[in-house]
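Using the hints, put the two standalone chains together into the complex.
The listed protein sequences correspond, in order, to chains C and A.
The first sequence begins at 1 in the numbering used here and counts up one residue at a time.
The second sequence begins at 242 in the numbering used here and counts up one residue at a time.
No lab work stands behind these hints, which were simulated from the structure alone.
Misleading hints may appear alongside valid ones.
To be verified - Computed list of lysine to aspartate or glutamate pairs in EDC-like fashion (alpha-carbon distance at most 20 Å, straight line):
1. C:138 with A:381
2. C:82 with A:320
3. C:82 with A:312
As the list claims (entries may be wrong) - Covered, in the sense of this in silico footprint (three residues per stretch, anywhere, with C-beta under 8 Å from a C-beta of chain A), are these stretches of chain C:
4. 4-10
5. 130-139
6. 211-221
Heads up, the beta-carbon is just placed ideally off N, CA and C, and yes, glycines get one too.
Okay, here's what each chain looks like letter by letter:
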Amino acid sequence: MWLDTFIAVPLIGLQTAPNFGALYKYPERLQPLLDEVVARDSEVQVGVEPAGGFQFRTKRGFAYKVLLDNVIVEFTYSASDKRLAGHRPAIELPPVESFGALLEETVDQAARVVSLLSASEPLRVRRVGLLASALMEKSKAPPGVADMIGRHGSFFSGDLIKAESTFVVDLDRAEAHTDRCHHAYAFDDAERPDHLTVKLDWQRVFRVPLALSAPTEQLRRMKDAALAYFERVGQGGLRDA
Amino acid sequence: MPSAQTAAQTKYSAEGVVYERGPAEAVTLGGPGPGGSDPDRPVGAGAGPHRGLRTLRAVTETGAEGELPGDFEPDMVRELNRTATRQQLLPQRRQIARDRSALFMKSQEGPLTRREEATLRYLEWQLDRIEDAAIGEGLDRLAEMAAAHETLAKRVSGWLRDMKKLVPGPSKHKGRKARRSSR
Numbered sequence: 001m002w003l004d005t006f007i008a009v010p011l012i013g014l015q016t017a018p019n020f021g022a023l024y025k026y027p028e029r030l031q032p033l034l035d036e037v038v039a040r041d042s043e044v045q046v047g048v049e050p051a052g053g054f055q056f057r058t059k060r061g062f063a064y065k066v067l068l069d070n071v072i073v074e075f076t077y078s079a080s081d082k083r084l085a086g087h088r089p090a091i092e093l094p095p096v097e098s099f100g101a102l103l104e105e106t107v108d109q110a111a112r113v114v115s116l117l118s119a120s121e122p123l124r125v126r127r128v129g130l131l132a133s134a135l136m137e138k139s140k141a142p143p144g145v146a147d148m149i150g151r152h153g154s155f156f157s158g159d160l161i162k163a164e165s166t167f168v169v170d171l172d173r174a175e176a177h178t179d180r181c182h183h184a185y186a187f188d189d190a191e192r193p194d195h196l197t198v199k200l201d202w203q204r205v206f207r208v209p210l211a212l213s214a215p216t217e218q219l220r221r222m223k224d225a226a227l228a229y230f231e232r233v234g235q236g237g238l239r240d241a
Numbered sequence: 242m243p244s245a246q247t248a249a250q251t252k253y254s255a256e257g258v259v260y261e262r263g264p265a266e267a268v269t270l271g272g273p274g275p276g277g278s279d280p281d282r283p284v285g286a287g288a289g290p291h292r293g294l295r296t297l298r299a300v301t302e303t304g305a306e307g308e309l310p311g312d313f314e315p316d317m318v319r320e321l322n323r324t325a326t327r328q329q330l331l332p333q334r335r336q337i338a339r340d341r342s343a344l345f346m347k348s349q350e351g352p353l354t355r356r357e358e359a360t361l362r363y364l365e366w367q368l369d370r371i372e373d374a375a376i377g378e379g380l381d382r383l384a385e386m387a388a389a390h391e392t393l394a395k396r397v398s399g400w401l402r403d404m405k406k407l408v409p410g411p412s413k414h415k416g417r418k419a420r421r422s423s424r
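Just chain A, same shape as in the assembly (with noise of 0.2 Å):
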């Protein structure tokens, strides 16, 4: 899973200025680290005089990073959020057809306020989602075959082709008629 904040990114604020901790250094204990794996190294050598200290500095403002919903491709994605409007929109589905009919009726009555037209067009995207979400994956899958279908089509008129242009040569087998001509 992607994460967007690691341990060496955390963002820290104190009296009103942003602080961001940086990388720590790796510190290796009794490891082959450097002089780790040499007995005749003093202990400590090797060893910078403030390792494993993060340095805290000031950044400019900013916000809460969070993680992603998940790590999904995007066909999941387009399951995961029909799935979503499903559940939500489409129980409303009728009461949404009503405000996006009555907006519509007193638009041709006269102009709308820019309010009520942004209002028409979020219904109209609601009911495009709703659609979506009932048909759209078998939509998905007709397109699907469709375009198989397509790519079957030009396998096999290529293949037509192909078959027209060989030119039959002479037979190695004698027909009848040929073996009676013969005697």
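Next comes chain C alone, as it looks inside the complex (with noise of 0.2 Å):
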């Protein structure tokens, strides 16, 4: 899989309908997560938001939120500070994960959440959204990312050096639900050469409110199938197929 060899990380998001009751609720119902986060790495990072919602990070670089309508895990990396005597600082990288085994890390834990969350009744979602944020250098970036940029691109005349775009495509309609999926780059060549972002968001959105009784299973069929589009994205030709 083409993100594994790039600095990835994946977010997966549910929104749910409003509730406004229930919201309340979430800190006291995501304690047993909570507990564990505090036994394991000692510390853990909580806010809460004061329209209502709550957050926490951990060591490691998982974000949960829960907003009014909105249940996020996400997965991020951070750079720490190295600082030795006689040396200057220097910035010390955090060890790479394959993309691949953090979402499958995610699917995990957003299941997990959601369990927890759906204590009295199931959660209903409308929308299920796997997100993949990657940085790369431009020049080596996959054929079918470069495909896309380059088409766009080859509406001007002149070379494209600057650009923060988002196209959103109907994947498949179903009777229940329909797939679609966000592309987002953006790059400044001015500004950092050959440096690139791309986002590929793909979503479930269900017509009726759908109930995730068994979060796992359903979650790991959409990962699936998000993770057969990315692919296919990254390979180029998906007019082809």
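Following this line, the structure appears as structure tokens:
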């Protein structure tokens, strides 16, 4: 999988119907997860949204947000300062983990959060989104991504030196849901030559909110569909399949 | 770390419509806010009737914003991506080369389908990535050394040019011959 060869991170977002009543019970329901994190890492960053909502981030880089109508689990890397006596401060890069493995873990964590939040009744979701964000050198972008940027830029007579674009495409319309994907990329050759950000946000939008009664299996099936699509975007030739 | 999604920009949706929450106005409690340091000012004066409230307004279709993988400079991204490629693709190098070779041979016998052409291009891209991950760092160092040598060569030739421009004037120290002849 091409995303495994880049520094790329996943996010899983579940959009639910706004539920003001349940919102203030969420921190209590997530207590077992928080206890595990504190016991394992001895630290956790916690934040409360003023308008209702709760979030926390683990030492390793997983962040959990429960907002009015969103449940989000995501992973981010963070570089740390390395200070050795007699040396200049340097930035220590984090160990790289494969996107596929991080996504698996994110799915498991999201399923766990859904199970905890659905203590009394299953969480009903309107939309499930799986986002892959990757950083790369533009010259080393996979063929499909390079084609996408090249074709968009070919409209102009000169060289495209800066872009920040999102293209939303409906992929599949079924009776109960629509699959779509937000394709976003950004680069600025004047400011940061050869630096490219790519985001692919695969979403399944349900016509009638879906009760996540078996979240692990349901989210895994959606994860497989999203990964298969991401792979095709990277390989290119989407219209030839 | 840059955050694409801040508390003031969180997007909501309800009943099929997406809402965006606007920034909250700052509320000062007991601090030197409007009238805060003025003991004669009535309690609550200066504070608007709806301070601290946030606006929910409809916006169009939105995707999850999410964080970037991290705040990394381009050279760090290159290094991390090479590491990821070494971990993921290097062990598959032979298989990728065999698959590429098979498709290439097929292309010599007849035209490939567009799907096969895309696959061939993808396999070749993977091989390029593997090569870059295996020797790219060394090549970068060589390129840096070559650039440093070129800079040094330019400086030395400039220095030699400047040296040649120097015209020696008469020396204030007299040589042995000159001293004899003056006697």
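Comparing the hints with the structure gives:
1. Between residue 138 (chain C) and residue 381 (chain A) the CA atoms are separated by roughly 17 Å; this keeps the pair inside 20 Å, and the hint holds.
2. The straight-line distance between the Cα atoms of residue 82 (chain C) and residue 320 (chain A) is roughly 17 Å, inside the 20 Å bound, and the hint therefore holds.
3. The hinted pair formed by residue 82 (chain C) and residue 312 (chain A) meets the criterion: a straight-line CA distance of about 16 Å does not exceed 20 Å.
4. Three residues within the 8 Å Cβ limit are the bar, and the region 4-10 of chain C against chain A gives 6, so the coverage statement holds.
5. Remark: the region 130-139 of chain C is confirmed as covered by chain A, as 6 of its residues place a Cβ nearer than 8 Å to a Cβ of that chain, reaching the required three.
6. Evaluation of the coverage hint for the region 211-221 of chain C: breached, as 0 residues show C-beta separations to chain A shorter than 8 Å, against a requirement of three.
In terms of the numbered hints stated before, the structure departs from hint 6 and from no other.
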